[in-house]
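Number of protein chains: 2
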Amino acid sequence: MQRLYIIKIGGNVLDDENALKHFLKDFSGIQFPKILVHGGGKIATKIGDQLGIESKYVNGRRITDEPTRDLVSMVYGGLINRKIVTGLQSHHCNAIGLTGADGNVLPATKRPVGKVDFGYVGDIEPKRVNTSFLYFLLKQNVVPVFAPLTYEGDDILNTNADTIASVLAVALSKHFQIRLIYCFEKKGVLKDVNNDGNVIQLINSTSYRQLLDEKVLVDGILPKLENAFDAIHQGVSEVLIGGAGDLLKNLGEETEGTLIKQ
Amino acid sequence: MQRLYIIKIGGNVLDDENALKHFLKDFSGIQFPKILVHGGGKIATKIGDQLGIESKYVNGRRITDEPTRDLVSMVYGGLINRKIVTGLQSHHCNAIGLTGADGNVLPATKRPVGKVDFGYVGDIEPKRVNTSFLYFLLKQNVVPVFAPLTYEGDDILNTNADTIASVLAVALSKHFQIRLIYCFEKKGVLKDVNNDGNVIQLINSTSYRQLLDEKVLVDGILPKLENAFDAIHQGVSEVLIGGAGDLLKNLGEETEGTLIKQ
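Chains as they are written, first to last, in my numbering: chain A, 1 to 262; chain B, 263 to 524.
Simulated from the structure, these hints should not be mistaken for lab results.
No experiment lies behind these values; they were computed from the predicted model shown.
Hints are not guaranteed to be accurate.
To be verified - No farther apart than 20 angstroms at their CA atoms in a straight line, the calculated lysine to aspartate or glutamate pairs in the DMTMM-like style are these: (1) A:186 to A:256; (2) B:308 to A:152; (3) A:25 to B:416; (4) B:511 to B:447; (5) B:287 to A:152; (6) A:46 to B:328; (7) B:389 to B:424; (8) B:308 to A:256; (9) A:25 to B:417.
Whole structure, please, built from the sequences with the hints as guidance.
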């Protein structure tokens with residue numbers, strides 16, 4: 001099966017002009033089919049503040065009321081997404097910016113109201129991904145760049161970028177050998193949270209359980225690892241968690257970051 | 263040659279929630295290959311005001327400094343474009359939102375500084391349009407929806423929506439029989455500016471000269487007609503100028519609006 005890289009970037013790259021420039025150059029240099037997924041929460045909050053749109057959260061998750069939904073349409077779907085696509089084109093990487101509505105790639109379901117009403121938030125699943133449109137783009141050497149937005153009916157919905165990356169990976173794992181790469185602010189999963197240089201090279205199901213028992217892992221990394229194993233159990237070959245600056249060193253067998261396998 | 267409709271809408275549709283809903287439903291109903299181009303200046307100005315970004319104009323043309331360029335990326339490329347695509351998808355019209363950078367469809371040249379520095383404004387020409395990518399989308403029954411943004415290098419550029427519509431039409435006229443439709447607030451070009459019902463059915467080169475001599479036409483319509491004949495002289499079969507509400511009645515031989523031919 002052909003190799004495909006699905007790479008997700010967040011604030012540590014997006015909020016830093018130089019880091020973003022550097023990343024887009026590196027990403028353009030990857031000589032394989034690839035997909036980029038981006039976040040942008042901090043930028044949305046900043047612009048929201050300027051517009052008098054209050055950013056509300058419950059348990060760290062944003063409430064997307066109507067003004068917030070318009071805000072994220074503008075910021076994720078416009079400001080950030082179009083800037084990334086243009087930056088990639090300047091490196092002759094033939095990118096195309098997508099939300100879930102474009103080409104109907106990611107139809108979603110508006111999250112039902114539970115204890116909390118999160119508003120215009122979309123839940124997605126691998127079987128609903130429009131994989132044929134994505135193959136069609138990838139075959140033409142067009143590089144999809146996903147904003148963290150999906151849709152249902154005529155509603156644009158806010159969806160977590162990490163989730164979009166993993167759902168895309170699972171959906172496309174039938175036809176590609178996928179490395180799903182999550183770029184974050186550290187070089188990888190750390191053995192010792194106080195020592196940035198001490199990256200765990202490889203984590204599989206067995207060593208994961210061991211690390212959990214040893215209570216070596218810091219809280220913040222746990223959801224990332226659960227997410228990673230979830231994707232692997234659904235068919236994704238490999239997940240890598242590493243630094244955005246190490247992108248080109250995280251594509252092969254030897255990696256700077258932490259490789260996660262079955 | 264196969265028929266293709268290229269339809270441009272502006273403020274009279276975009277600034278009115280009901281008009282936009284109605285238009286998107288009609289547009290979705292067109293059973294031919296089609297492309298939509300939208301503007302959005304008023305909405306950009308309104309949001310710009312809220313962000314403290316002053317909207318400056320010289321001779322009716324917006325100056326796009328850097329903050330304004332970010333503003334239009336957000337509003338044209340995000341808020342309006344994504345909303346239109348989603349609205350079309352809700353009618354099962356398989357739309358995809360594009361700026362000039364997406365799939366490199368509309369590479370532009372940043373307008374050189376003349377008497378006035380218009381800032382980040384892009385000039386485009388038919389021969390640079392990436393027609394193969396557009397055919398590729400149209401063949402798949404995907405409907406391109408253009409925001410009025412182009413690019414050069416890593417700069418997003420502001421480009422007039424009317425111009426994008428006509429440049430696309432000229433570029434695609436080699437392979438399609440095109441009707442380029444400009445939707446505006448009147449039902450068509452009026453014989454008598456004081457009588458909204460009095461639409462001129464057909465204007466060709468000869469009758470155009472006559473109308474100019476008779477000084478029947480109001481100033482505001484002249485650039486639209488010059489633009490129309492310019493497109494026709496470069497190969498576009500027909501241009502129609504009419505009301506957005508009459509879209510479905512302006513697709514055939516008989517029209518509510520004004521048909522412009524060689």
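Hint by hint, here is what the structure shows:
no.: 1; hint: A:186 to A:256; result: 11 angstroms, holds
no.: 2; hint: B:308 to A:152; result: 27 angstroms, violated
no.: 3; hint: A:25 to B:416; result: 11 angstroms, holds
no.: 4; hint: B:511 to B:447; result: 16 angstroms, holds
no.: 5; hint: B:287 to A:152; result: 16 angstroms, holds
no.: 6; hint: A:46 to B:328; result: 18 angstroms, holds
no.: 7; hint: B:389 to B:424; result: 17 angstroms, holds
no.: 8; hint: B:308 to A:256; result: 47 angstroms, violated
no.: 9; hint: A:25 to B:417; result: 15 angstroms, holds
Of the numbered hints listed earlier, those contradicted by the structure are 2, 8.
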